[in-house]
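Sequential numbering from 689 applies to the sequence shown in our numbering.
Calculated from the structure, these hints are not laboratory results.
All values reported here derive from a predicted model rather than from experimental measurement.
Heads up, some of the hints might be wrong.
[Claimed, not checked] Simulated restraints, written as ranges between beta carbons of each label pair:
no.: 1; residue 1: Gln745; residue 2: Ala908; range: 23 to 33 angstroms
no.: 2; residue 1: Asn1193; residue 2: Lys1167; range: 48 to 58 angstroms
no.: 3; residue 1: Ala908; residue 2: Pro1251; range: 56 to 66 angstroms
no.: 4; residue 1: Glu1034; residue 2: Lys694; range: 29 to 39 angstroms
no.: 5; residue 1: Asp893; residue 2: Tyr1031; range: 53 to 63 angstroms
Note that the Cβ used here is the ideal one computed from N, Cα and C, for glycine as well.
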Amino acid sequence: HKAITKKFKKYHMFGFTGTPIFPDNAGAIRNVEFTTTEGAFGDQLHSYTIVDAIRDQNVLPFKVDYIRTMREEDEILDEQVSNIDRERALMAPERITLVSKYIMEHFAQKTRRDSRSYSFAQLINVGEVATAKDRNKVKEVKAKTRLTGFNSIFAVASIPFVKLYYTELQKQNELLPPDKRLKIATIFSYSPNVDTEDESPEDTDGLDQSSRDFLEKCIADYNAMFGTSYDTSADKFQNYYKDLSLRMKNREVDLLIVVNMFLTGFDATTLNTLWVDKNLRYHGLLQAYSRTNRILNSIKDHGNIVCFRNLEKATNDCLLLFGNKDAAGLILLKTFDDYFFGYDDEQGKHHPGWKELIEALLTKFPLGTPIPGETAEKEFIKLFGTILRAYNILVTFDEFADNHIISDDDFVDYRGFYNELHDKYRPKKGELTNINDDLVFEMELMKSIEINIDYILFLVSQLDGNERHDREIIIKAMKSVEASPDLRNKKELIEEFIESHTPENDVHDQWQEFVRLSQQRQMEEIITSENLRRDKTLEFMRQSFRDGNIREGGTEIAEIIPPMGLFGNAGVRRAEKKKRVTASLKEFFDRFYDISGGGFYGG
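Can you build the whole structure from these sequences, using the hints too?
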């Protein structure tokens, strides 16, 4: 700024900032001319605040939880004792252990790793899980059905806090089964003033020896986890920072512990939770919170902030400064009671809560009673879509865990019917959508509480030859298939497998062999019926399974179709055949891809 204004005698200067500096948040520096945004750039020309951005659905609102970690009388320390004593109290081993335990116990809930909760509840009920073998099978299936979900950052006050939390979290992590452990990482570097300046990803020279040694150990853990070879030397530390950034964006790291790094400027749509054990204020608070509110999909409808310090006043002051006096009502989610029991907004409009919605569902559309006509079916679709959206918010509240009202089995039945109506009303290929029809199917939210093939295999493993018991298991399995958007097109395949299953053999081994033979048989049927070039067809499908999709463009599909002449209507017939072959191969891919571990066994 000084150089520009000194060099140029006539200039217009304007700037953009997400978090302007006002006198209130300028900190201890009092040179207002160069420390406030207005002092540097002149009068404000226009503002587009976070309130506007959330209202326009450009970013997400926040859900802030304040978790008390000290007794109320101990929190008075903030006003009565020195910073050293306050930090000593906050660093007490008992508190570090409790905060770490809370994070480990609630990580899956906050990051949506446990969104198959209905499936898990059903697993516990099947056959009463009476034997040790059954209980081990439940654990095995739970591990296999763990969703990718989102990931999180843990912001702590200082490097000594990093040392304590990293050590304790890893200690608790080691107590979990290997397939349930979190991938935990940390990064920090020297910054002259951690309250106002970002840490540099390029400088670890300012670290004291103890901190540098600890960081070396943490990076060694990271190297062991991902097969890398980074350290704290200048070049390798920069590469560690870049690699860590990429793995955060790819959800390969579950929990990243930081002091200041990654709290400004780092955008990852897959990040949805910020755990906070440090004092944040004004622009620093808003920047840190905003790491969680980038839009990804309909499942991610808010950012989670979990505060282990009393930041409620700081949060409200921040929203008042950067929004307006009514900002909290739009920027922050409402309370559990509002979403569960319903609420009236500022305009007097009533928003029904979970309790009202479920009661309406059970009253208007009781299971076992046909829904009479198209109007009622569309009313059910809208009601159940609202229920799915409500569930998506409530599932992150601790109070919702054992408070669903509706039974797990009934919810699965309703989901199955919702899928049936989706198949009935969605436009068929080539059909135009009726713009007067406001039906919206929340299929992405359906998948967020999805049941996958491992759960179905668990049910199949419970078959024991008892006709009555087996009939109950098969009904439960097929209802679960109907309730799953991804398994419905595999219904015949699963029914065929259940008929061929023999209880004395391992169900997973039988399934893999069944899928392999089914792939081979059906692939040969396609090749034979369409007279395709066998080797090229098999190679095309192998590549499709590696890529995770069927490529319709390019020349690959054309190359697997045999010559059809050059004259007459050969061009039309070839185009029709290509269209038919493509449809057959896509149907084959959709049936087998996500139940075979991405493996193609058709050759």
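Hint check results:
Separated by about 43 angstroms at the C-beta atoms, Gln745 and Ala908 break the suggested range of 23 to 33 angstroms. Between Asn1193 and Lys1167, the C-beta spacing of about 25 angstroms breaks the proposed range 48 to 58 angstroms. A hinted range of 56 to 66 angstroms holds for the C-beta pair Ala908 and Pro1251, which are about 60 angstroms apart. Checked against the hint of 29 to 39 angstroms, the C-beta distance between Glu1034 and Lys694 comes to roughly 51 angstroms, which is inconsistent with it.
For Asp893 and Tyr1031, the Cβ-Cβ distance of about 54 angstroms falls inside the hinted range of 53 to 63 angstroms, so the restraint holds.
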